[in-house]
Every structure is written in structure tokens, then in C-alpha cells.
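Residue numbers (the numbering used here), protein chains in the order written: chain X, 1 to 513; chain F, 1 to 240.
It is possible that some hints are incorrect.
Stated by the list, open to error - In the DSBU-like style, the derived pairs of lysine-lysine whose C-alpha atoms are separated by at most 30 Å in a straight line are: (1) X:K307 to X:K194; (2) X:K10 to F:K227; (3) F:K239 to X:K307.
Calculated directly from the structure, the hints in this document are not laboratory data. As the structure is a computational prediction, the values presented were derived from the model and not from experiment.
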Amino acid sequence: MADLEFQIPKYREYPEVPVLQPGAMAHSHPHVASEKIQEAIGFQGKLDDDWQITHDKAIAKFGELLGKYRSLKVFMDACVHCGSCTDKCHYFIGTSDPKNMPVARQELMRSVYRRYFTFAGKLFPGLVGAKDLTRELLDEWYSYFWQCSECRRCSVFCPYGIDTAEVTMAARHILDTVGYGQKYSNEIIGKVYKIGNNLGLPGPALEDTLQGLEEDVKEDTGVDVKYPLDVQGAEVLLVTPSADFFAEPHIESLIGYGKVFHAAGISWTLSSHASEAGNFGLFNGSYETMRKVAMRIREAALELGVKRIVVGECGHAWRVAYAFWNTLNGVGAGGNDPFSIELQKQLDPRYPQPSHICEFTWDLIQQGRLKFDKEANDHRVITFHDSCNVARASRMGGYPGGQFEIPRNIIKAVANKFVDMAPETIREVTYCCGGGGGILTDELIEARIKGAFPRMEALQQVVERHGVNFMATICAICKAQFTKVLPYYGFNMRLVGGVHQLVSTAIRLGNEH
Amino acid sequence: MTTFFAILFYLAFAILVVGLAYKIYDFARTPAPLSIPTTPAPTTTAGVAFRLAREVVLFESLFKGNLWIWLFGWMFHMGLFLVLIRHLRYFISDVPAWLVFIQPFGKYAAFMMVAGLAGLWARRFLVERIRYITTPSDHLWLVVLIGIGITGAGMTFVSHVDVVAVKAFFLGLMRFDIQPLPDHPALYIHLILVALLMILFPFSKLLHAPGVFFSPTRNQADTPREKRHLAPWAAQIEKS
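All chains should be modelled from the sequences, with the hints used to inform the complete structure.
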């Protein structure tokens with residue numbers, strides 16, 4: 001770890017607001033997507049040589065988005081610079097860079113909005129803080145809008161509900177349009193288009209992996225737990241982040257899902273066509289991308305004839321599934337195109353569609369269909385990290401806040417030792433892991449480490465006071481980010497794991513099925 | 001001077017009403033293509049109305065965000081609200097009993113309003129990160145509002161103006177029958193600043209007032225699995 005060229009933030013005695021260090025993170029930006037990557041997903045390959053052309057395209061797209069998204073339009077107009085959000089972003093707290101204050105991040109766009117779309121900004125730019133879109137400013141967009149994890153913590157504290165995620169998405173969409181895309185996200189979207197999942201795992205590789213998994217579980221438990229792929233007529237289609245197929249600790253949760261289905265005697269399947277729950281369209285801000293990625297799920301569900309669609313442990317995937325699928329691909333009620341109507345006939349109306357795997361498991365627990373040996377988790381003192389997209393942008397169960405209660409209820413049902421982190425750092429005001437929103441890439445490691453700081457502080461407290469040695473989470477990005485970042489803060493990377501990893505440890509499989 | 005103020009107020013009123021109506025129309029016609037309430041969010045329309053009411057009356061999210069900003073902001077807005085209600089007496093010829101009753105509250109609310117504004121302004125100088133995000137127009141609005149508050153309170157508590165004549169002027173304006181406005185410097189400043197506020201309202205950050213009602217993160221019910229949120233432009237994509 002001596003190779004880092006920056007300081008890792010030091011734990012604070014009191015959570016005071018950092019002293020501003022303007023430009024502290026100006027150097028941080030992701031690798032730019034190649035022409036090939038850009039064109040594969042339908043965007044311009046690279047920036048035009050003539051700045052004026054880029055400028056005009058960017059402003060035209062900005063205008064188009066203002067007409068398409070009420071969120072963007074209202075958010076550009078409504079901010080009064082009150083400052084309520086200024087100390088709420090984990091990237092600001094970790095980096096001290098004032099442009100990582102949500103209001104200042106948004107001003108990078110709002111200053112351009114005022115200049116080109118308002119009277120005040122056209123007539124008195126200096127007075128209202130309006131700016132011409134220059135190449136330098138576009139570069140600032142590229143730096144700072146890729147230091148936002150779209151976690152929406154700021155929106156909780158804004159008196160007008162202004163949501164930086166919406167602004168970030170618009171900025172990234174404009175950047176993509178002019179040929180200034182981010183390599184990591186756009187490359188992954190390309191893989192989904194081409195092969196069907198974020199990791200580029202082809203069907204045969206997936207099948208191999210699942211077979212290996214069955215053998216491992218058999219060896220461990222003596223029970224034939226199945227991990228089926230492309231099974232026609234299965235009750236449940238499980239759609240999960242592809243990291244679950246091979247990454248640690250993600251795979252432990254996948255093992256857990258299989259055990260739950262097995263123990264409950266419910267037939268299920270994965271789909272090689274829809275072998276990915278993640279939807280990076282959310283990260284590049286394009287509705288069309290998001291829709292195209294989401295459409296695979298509907299196709300797979302229709303093809304396999306399933307009755308229920310369940311989503312595995314992934315934060316932004318669950319946001320897109322819960323909040324957007326119905327709109328984007330007709331999984332849910334109210335779609336009226338032929339495919340949506342057919343799907344609504346096919347899916348079982350007694351269950352929410354789609355369901356989260358935690359809703360699914362909790363439902364079975366409440367029905368008494370799962371049995372646990374809670375002592376099997378006694379070596380663990382567990383805390384729960386609310387993932388941002390689950391906490392602030394989705395729901396589980398039939399009541400507001402179910403997304404906080406249900407995962408905790410499951411943990412308490414399968415383990416004896418659970419403590420929460422400090423209340424100002426969990427539930428709807430949870431701190432992001434620092435790696436979400438499309439920044440889980442090596443070249444952004446500084447922002448990722450510094451952005452994880454508030455979460456690490458809260459974790460440190462419960463480790464010290466309660467001996468916590470396991471932080472459960474239900475997001476593939478949280479898991480990947482924490483395994484990477486925890487060591488920098490003096491923790492073992494094995495401290496993080498999934499909720500269904502805990503379920504997997506304690507569940508009684510029985511042999512009667 | 002009377003003619004000047006008469007024209008100014010006709011103009012200011014027209015700009016405020018037309019400008020604001022256009023802005024509200026513009027917000028309303030712009031589609032919200034996806035369901036994006038900030039959760040935990042209510043699942044019913046009544047719940048949404050209650051959430052918005054809490055935001056508008058109590059500044060709930062700001063309360064969670066920063067107690068100082070909340071305190072000063074709330075003092076200013078509530079003070080302004082009471083003062084505005086009190087001013088209805090200048091536009092109604094037969095003042096009803098309830099309006100008479102609230103007059104003293106409205107008078108002293110001016111102090112609450114100015115104190116709140118002073119607190120908000122102090123933050124713009126004293127708190128480093130608030131100073132960083134402040135534009136010149138942010139200062140200017142505080143100057144305008146404090147100016148309105150001080151000149152108004154000055155006429156109530158220090159140097160009285162002929163309020164009967166002021167009322168006659170405004171009632172006259174409403175009937176297109178211009179009556180003389182009393183000659184009083186504080187009154188002139190007060191009215192010019194109020195007219196300025198009315199004229200700039202639709203072009204400025206004061207749009208947060210209608211904006212809060214149109215913010216999708218606050219005004220949407222959390223029902224995406226039960227209800228589809230297809231925007232007209234998104235429906236076009238469906239067809240292609």
C-alpha cells in the first residue's frame with residue numbers, strides 16, 4: 001500500500017466538516033472510452049476536432065434533456081444555494097474538494113444552464129454565476145461527474161429534493177453524446193449487448209461455473225442443491241449480478257439463493273440470455289441504454305415461461321428493477337403493449353413483480369418454510385450496510401422503509417449477534433461504499449478510497465465497541481468495493497459479505513425434497 | 001411619483017403573473033419519464049400531499065440537513081408569510097375580523113423575518129463552504145429582502161406613513177382609478193424593492209417556490225411496480 005500517491009483520511013474524533021481544498025481532486029478522471037467502445041453502444045466515437053462543433057452538440061443535447069426530464073428542469077431552476085447538502089457527500093468528506101459538494105458539482109452544469117437557457121444568465125452572467133461551456137469546463141464535468149456515485153444522499157437533505165444523481169446522469173449523457181465516454185461503464189454496456197452480461201461470460205462458461213458450484217455445495221453439505229440454467233417452465237427466474245458467478249464474496253450469496261430455493265422446494269432457473277441484473281445504463285444516464293439492457297429480462301421471462309422474477313443482491317440493479325422495469329420493459333402492472341400484456345398474464349399476481357431475493361426469502365421465513373441453525377453464525381458479530389440504491393431509491397415489502405427492515409429481519413432470523421452502525425450513517429441517510437455509480441475502476445482508486453471514508457469511520461466504531469467482524473450488504477458493487485478498500489483502513493477484506501451468505505451458513509437443507 | 005409607481009406595479013404584477021404562469025406551465029408539461037421518489041416515500045397520493053405539506057410548512061428535509069440553515073430559513077419564510085397576510089388589508093376595502101386580529105402578529109413578524117435573513121446572510125460570509133457556493137445574486141436577494149423588511153418595519157415602528165392613503169392607492173390600482181401615493185422616502189424604497197422582487201421572481205432562484213411542488217423526488221408516490229410511468233416521448237420509443 002506504500003505505492004499510493006495520496007493520504008488515506010484519518011479517523012476523526014468528531015465528524016467535523018473538512019476545510020476546503022479547492023482542486024484537490026481535479027486530477028481524478030476515468031479512462032476515456034475508445035472509438036470502438038463508444039460506437040458499439042451507439043454513441044459518437046470521439047470528440048470532434050473542432051471545439052465549436054462539440055460545444056453546439058453539447059448545448060443541443062442539454063436543451064433536449066431539459067425538455068425530456070422534469071427532474072433536470074426543476075433542479076436547474078430551484079436551487080437557492082442554501083448549503084444543506086454541502087457536507088453530505090462522502091466524496092466531499094473524504095477528499096475536501098469543494099466541487100464534490102453536491103451543490104457545487106451541480107453548479108458545473110447549472111452555470112451552463114443559466115448562460116444558455118435563462119434570461120438572467122444571458123444578460124448578467126457574472127451576477128448569477130453563469131458560464132460559457134468551454135473545453136476546460138467540459139473536462140471539469142468529466143472529472144467531477146465521475147466522482148459521483150449517484151447515491152442520492154444529498155437529495156434526502158435538500159429542501160426541494162434536488163437529486164444530484166439526476167444531474168450527474170444528464171451530464172454523463174451529454175458527455176457520451178459528444179464522444180467523451182467513460183471506458184469502464186461503456187465497455188461493460190457493450191459486453192451486455194454482445195454477450196449478455198457485464199463480465200462477458202458466454203453461456204457455456206456459465207454452465208461450467210454452475211456445475212462446479214453444485215459439486216462444491218454437494219461436497220460441503222452432502223445435499224444435491226441445484227443451480228439450474230435455462231430451465232423451461234421453472235417457477236422462478238433469478239436475475240443476479242454476474243459477479244455472483246465467480247467473485248468473492250459474491251458467490252457465497254449465490255450459493256445461499258440456491259439453498260433457499262432448494263429448502264423451500266421451489267423450482268427456479270437462471271437465464272443465459274438474461275444472465276445479468278446490473279444495468280449500467282443508469283450510470284451513463286441514457287434511457288435508451290437502460291431500456292435496451294432491461295429488455296433482455298422480459299425476453300428471457302417470456303421464453304422460459306416463468307411465474308415469478310426475482311432479483312439477486314445488487315443495489316443499482318434492484319433500483320432499476322424495482323423502480324424502472326415496469327416502465328422500461330413491462331415487468332409489473334399496467335403495461336399495454338402485446339408483450340407486456342402476455343407477461344402480465346404469465347406472471348403470478350400474488351407476488352410483487354419483480355421481487356427482491358430478500359423479499360422472497362423473508363416471505364418464506366414468515367411462512368415457516370425455512371429452518372435455521374442460528375448458532376452456525378455465532379462466530380460472527382454482524383452489522384448491516386444499507387446500499388445507497390436500495391435504501392434511497394427502492395423499496396421491499398408493502399410498506400415504506402421495508403428495504404431497511406427486511407434485510408435486517410433476515411439477518412436476525414439466521415444469526416444471533418447483530419448490531420447497527422450509528423443511526424446518522426444507515427437507512428435512508430446511509431453512506432455510500434464509495435464505489436457505486438460506475439466508478440468501480442482501478443484508475444479511480446483515490447476517489448474510491450477517500451469516498452469510503454465516512455462508512456469506514458462508522459464501521460470502525462462498531463468494530464471497536466461491539467467486536468463486529470462481518471458487514472453484510474446486498475450489493476455486488478458494495479462487496480467488490482469493500483473487499484478492495486477495507487485493507488487500506490486496517491480491516492480484513494473478508495469482513496464484508498452478503499446477507500444470503502449468512503442465510504447459506506445457517507439454513508437447514510434437509511433431505512426430504 | 002404616483003404615476004411612476006402605478007405603472008411600475010402594473011408592470012411588475014403582469015411580469016410576475018405571466019412569468020410565473022409560464023414557468024409553472026413549463027414545469028408541468030415537461031414529462032417525468034421514470035419513477036424517482038427519494039425513499040422511504042409514501043405509497044399513496046394522500047401520503048405524497050402530506051409529505052409535500054411537511055416540506056412546505058416545516059422544511060422537513062432542511063431540518064434534517066442543517067439546523068442553523070433551517071432555523072434562519074424558517075424564521076425568514078414564516079415571518080414573510082405573516083407579513084404578507086397582514087398586507088392583505090391594503091387590498092381589501094372591508095377588512096375582516098380575522099385580518100384585524102393578526103395585525104400585531106404580522107407587525108412583529110417583520111423582526112423575525114429580518115433576523116432570519118440576517119442569519120442567512122451571516123452564513124454566506126462566515127461559513128467557508130457556504131461562502132464558496134455563494135454567487136453575487138445570492139447576496140443581492142438578501143439585500144433586497146432585508147431592505148424590504150427594514151423599510152417596512154421602519155414605517156410601522158419609526159416613521160409612520162399615511163396608511164389610509166397607501167390603501168387608497170392600491171385599491172385605486174385595482175379599480176384602474178389612480179389615487180395619490182403619500183410622499184415618503186421609506187415607502188418609495190419599500191415599493192421599488194417589492195416591485196423588483198416581483199419582476200425578477202420568474203427569472204431567478206425564487207423559482208424554488210413553485211419548483212418544490214414539481215420535484216419528482218418529492219411529489220411521486222412510491223408505486224412503480226403497481227403503476228407504469230411511461231412518458232409520451234418514451235412511448236414513442238416503444239413503437240419503434
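Are there hints from earlier that the structure breaks, and if so, what are their numbers?
2
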